[in-house]
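S.K.: Protein chains in written order, with our numbering: chain H, 15 to 476; chain F, 15 to 476.
Calculated directly from the structure, the hints in this document are not laboratory data. It is possible that part of the hints are untrue.
Note that identical chains are pooled: a pair holds if it fits in a single copy or bridges any two copies.
Stated by the list, open to error - In silico DSSO-like pairs for lysine-lysine, Cα to Cα no more than 27 angstroms straight-line:
hint, residue 1, residue 2
1, 144, 315
2, 447, 56
3, 315, 175
4, 56, 156
5, 144, 156
6, 144, 175
7, 175, 447
8, 156, 447
9, 447, 315
10, 144, 447
11, 315, 156
12, 56, 315
Protein chains: 2
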Amino acid sequence: MSTLQSTFTSGHRHFLASLFPGDALVLDTASLTAFATDASRKSAMPWAVVRPESTQQVSELLRWAQAEGVPIYPRARGTNKVGAVVPVQGGIVVSTLRMDRIIDIDSGDFVAEVEPGVVTSHLAEAAAAKNMFYPPDPASVKSSTVGGNVATCAGGLKAVKYGVTRDYVLGLTAVLPGGAVVSFGSRCHKDVVGLDLARLFVGSAGTLGIVTRLVLKLLPLPEARASVLAAFSSPEEAVAAAQSVFRAGILPTACEFMDSSAMGALSRLFDAEWLHGAGGAILLQVDGISPAVDAEIASIKEVLQTSAPVYLMAGQGAEEEQAWEMRRQLSQAGYQLGPDKLPEDVAVPRGRLLEAVAGFRAISAEQRVPVIIFGHLGDGNLHVNTMHDASDVAMATRAATCRAAIVDLALSLGGTASGEHGLGLSKREHLTKQISPAELALMRQVKAVFDPQGIMNPGKEW
Amino acid sequence: MSTLQSTFTSGHRHFLASLFPGDALVLDTASLTAFATDASRKSAMPWAVVRPESTQQVSELLRWAQAEGVPIYPRARGTNKVGAVVPVQGGIVVSTLRMDRIIDIDSGDFVAEVEPGVVTSHLAEAAAAKNMFYPPDPASVKSSTVGGNVATCAGGLKAVKYGVTRDYVLGLTAVLPGGAVVSFGSRCHKDVVGLDLARLFVGSAGTLGIVTRLVLKLLPLPEARASVLAAFSSPEEAVAAAQSVFRAGILPTACEFMDSSAMGALSRLFDAEWLHGAGGAILLQVDGISPAVDAEIASIKEVLQTSAPVYLMAGQGAEEEQAWEMRRQLSQAGYQLGPDKLPEDVAVPRGRLLEAVAGFRAISAEQRVPVIIFGHLGDGNLHVNTMHDASDVAMATRAATCRAAIVDLALSLGGTASGEHGLGLSKREHLTKQISPAELALMRQVKAVFDPQGIMNPGKEW
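Please work from the sequences and hints to get the whole structure.
M.R.: Structure follows, in structure tokens:
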């Protein structure tokens with residue numbers, strides 16, 4: 015890593031201007047500032063931003079960057095919450111947003127081929143127009159890109175039934191440092207020839223190369239969907255009720271949870287009966303053909319009735335959409351409890367959820383800072399956001415203590431420091447709590463096969 | 015690779031005897047013969063077979079093997095069809111069959127922890143006893159092991175809806191050449207910390223290390239299942255009818271196909287009305303809660319009626335089980351058409367299935383050797399077995415030509431030489447038709463991170 019350049023030279027500028035004419039090269043400070051940060055609020059100025067339009071252009075860039083030892087940071091919409099795209103060691107940010115073509119959506123193959131800069135919801139809508147289904151739907155689905163989702167192995171609401179981004183990547187084309195263009199996988203739904211390097215790229219956070227084309231699996235579009243919203247006296251009862259659904263042999267499409275703090279925050283933005291007086295709520299969705307959906311909703315209601323809900327509603331259409339819109343607003347609603355947020359996205363084994371929720375609440379009480387707890391109960395993946403006022407130094411210190419204790423509790427329950435966001439910059443200190451030196455050394459050696467000089471997204475996890 | 019030992023010395027024998035007392039070490043020729051081959055009929059004698067019972071024993075073995083340059087071949091039940099476990103360069107076969115404990119099946123976490131030698135159906139049964147579901151079910155499910163399934167990324171009948179073995183591996187422990195014991199992943203259903211090396215092991219065919227423990231995801235056990243069997247005038251109509259089910263927005267659990275040759279072979283073993291006079295058949299299964307299953311079966315029948323089936327039956331229970339039993343006997347039934355078999359398991363993009371089936375039949379006619387075509391239509395993954403009499407030299411030559419043409423046709427349709435079995439020894443010549451030199455070099459460099467001296471399963475794909 016010591017071979018990396020630390021200054022931007024006139025020679026660098028000259029090369030970039032020749033490869034990226036016009037506004038495909040960004041150099042002015044005001045414009046660069048927008049590329050210095052992401053949703054983490056971590057920040058570092060890049061030397062330049064380039065906007066390639068083709069695999070060939072990316073290849074020429076990475077041939078040069080490898081020879082020159084110039085750090086490279088792939089970036090799409092910058093919705094990342096942990097600073098994963100922040101150019102922390104200086105260098106060139108490569109925006110994939112001009113590589114945003116949906117190349118092919120094939121209703122014979124049930125395959126989409128796309129460039130990385132396609133917004134995920136645009137892909138999902140284009141597939142739906144042909145009666146097909148692209149399931150991964152992180153909360154950022156309307157603003158984040160497929161390429162970004164692949165870089166983080168994004169999950170989302172429907173991961174319980176449909177899995178995460180990894181499960182939809184059949185193949186990809188990537189450019190490696192040095193400029194080599196490689197492709198792995200195929201349009202086949204099953205292919206076991208060779209080591210599975212396509213999926214190694216999924217979740218690699220831009221540390222191996224730049225993905226320029228993706229082959230994605232599509233499913234038949236479910237005919238119908240419906241949801242059940244149930245509120246309970248305590249968050250623990252809500253968690254236990256959700257677990258009873260799984261035990262009844264039902265695999266919901268989505269199974270979301272929110273605790274009383276989350277509901278309290280929502281109640282300041284929305285007027286809904288179920289937000290008042292309950293300690294926790296769950297929101298489940300099922301999908302499929304209409305009669306199957308009706309039958310599953312009836313079963314879920316029957317199971318949940320035995321858990322003594324204080325509120326129970328099943329709905330479709332506008333009524334259902336309103337509940338999910340509230341769910342999507344939860345992260346934002348947290349700001350009702352404090353102007354600053356320390357977000358966590360820990361996951362625990364599903365059987366430890368009760369302990370985790372109780373523990374997170376105890377930590378919050380002990381540190382006297384509010385947390386809101388919500389997220390993907392079916393995956394054991396909880397968002398625990400510590401809300402505070404960063405200008406109050408004492409509170410900010412307690413908030414940081416609270417956040418660290420949340421991760422440590424999750425890890426002590428056999429959990430992970432990140433179920434969705436990755437560690438990036440802002441959670442990097444947890445890496446060695448979870449990954450031992452031998453495993454980390456292997457990850458770094460595997461990275462070095464693709465990126466021997468360490469030019470790809472340096473200063474991050476591995 | 016040149017550092018590998020080519021002879022078994024008395025020093026080697028002495029070390030193995032000390033580490034593997036009693037019948038944990040196999041040296042006599044008669045016993046070794048059973049470990050020389052697998053379901054491929056390829057064969058090569060090992061120097062010795064060892065039967066470790068613990069990760070620690072495997073670690074000591076691989077520390078020694080690395081230092082001595084002794085080739086190591088992990089092996090479980092030897093059901094592999096392509097010679098992937100044949101000790102082709104001499105060395106030690108490591109049987110995992112004494113590491114066959116189901117360590118934990120947890121209905122809170124929806125997780126199983128197992129050793130690699132557990133037979134897959136035993137795991138599925140133990141999970142079902144706790145109302146949980148382990149979906150991967152290769153045809154060999156009652157004889158192959160979870161460890162073998164992980165080595166090949168086994169698919170199976172239910173892959174259409176539930177995915178393949180890869181999708182159930184949450185974490186694993188492996189021993190690497192040199193003896194290092196490493197663990198990746200966790201009991202969390204979502205975990206994005208670090209490079210995804212757990213899944214890199216899935217499908218790596220024993221070329222990276224020896225997996226000694228697996229953490230597997232379980233699902234809720236579906237309450238009910240039911241199947242639809244439909245026969246059509248031609249195989250092409252059968253394929254088209256299956257595709258109409260997907261277009262109707264239905265995702266079946268399984269979607270199997272058989273052509274008229276396969277049905278003809280079956281009709282010599284079973285007496286069933288639908289086996290006579292039709293050109294092709296499809297067998298679909300759905301699962302879920304009972305009313306949902308009923309609704310989906312009704313929808314599938316309605317869709318299939320529009321494709322003018324010559325036979326259409328929906329069933330549950332014994333009637334359904336009989337149809338699936340016939341499906342499981344298909345590979346064996348092929349021997350009704352010839353005493354020898356050249357098996358293929360190509361896959362093609364799903365939209366190319368009609369061309370593939372027609373092309374395979376044309377190749378069979380041209381070469382005047384029977385093929386039976388059946389398999390996982392929903393995944394585009396077909397088993398195409400060329401049946402012949404190997405003692406008839408002219409026919410054997412035509413059979414080999416037929417087999418090669420089948421793979422070449424699949425590849426020309428954008429397909430893969432293997433959807434399930436891997437390439438192993440007997441299909442190794444297809445590797446460079448599908449994987450280009452740059453990608454293959456990367457795979458070999460990644461392998462070298464784990465196995466720098468190439469002692470793990472040498473002489474196979476990469």
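S.K.: Each hint should be assessed against the structure and marked as holding or not.
M.R.: Going through the hints against the structure:
1. Taking the shortest alpha-carbon separations for residue 144 and residue 315, only the inter-copy value of 23 angstroms comes in at or below 27 angstroms, while the best intra-copy value is 33 angstroms.
2. In the homo-oligomer, the alpha carbons of residue 447 and residue 56 lie at most 27 angstroms apart inside one protomer (22 angstroms), although the nearest pairing across protomers, at 46 angstroms, exceeds that limit.
3. Taking the closest pair of Cα atoms, residue 315 and residue 175 come within 27 angstroms of each other both inside a single copy (19 angstroms) and across two copies (25 angstroms).
4. Taking the shortest alpha-carbon separations for residue 56 and residue 156, only the intra-copy value of 23 angstroms comes in at or below 27 angstroms, while the best inter-copy value is 53 angstroms.
5. Proximity of residue 144 to residue 156 under the C-alpha cut-off of 27 angstroms is restricted to the intra-copy arrangement: shortest distance 19 angstroms within a copy versus 40 angstroms between copies.
6. For the identical chains of this complex, residue 144 and residue 175 are neighbours both inside a copy (22 angstroms) and across copies (20 angstroms), given an alpha-carbon limit of 27 angstroms.
7. In the homo-oligomer, the alpha carbons of residue 175 and residue 447 never lie at most 27 angstroms apart, since the shortest distance is 30 angstroms inside one protomer and 36 angstroms across protomers.
8. In the homo-oligomer, the alpha carbons of residue 156 and residue 447 never lie at most 27 angstroms apart, since the shortest distance is 34 angstroms inside one protomer and 40 angstroms across protomers.
9. Taking the shortest Cα distances, residue 447 and residue 315 never come within 27 angstroms of each other, neither inside one copy (41 angstroms) nor across copies (54 angstroms).
10. Taking the shortest Cα distances, residue 144 and residue 447 never come within 27 angstroms of each other, neither inside one copy (46 angstroms) nor across copies (33 angstroms).
11. Taking identical chains as interchangeable, the C-alpha atoms of residue 315 and residue 156 are never at most 27 angstroms apart, the minima being 31 angstroms within one chain and 37 angstroms between chains.
12. Taking the shortest alpha-carbon separations for residue 56 and residue 315, neither the intra-copy value of 44 angstroms nor the inter-copy value of 57 angstroms comes in at or below 27 angstroms.
Of the numbered hints stated above, those contradicted by the structure are hints 7, 8, 9, 10, 11 and 12, listed in ascending order.
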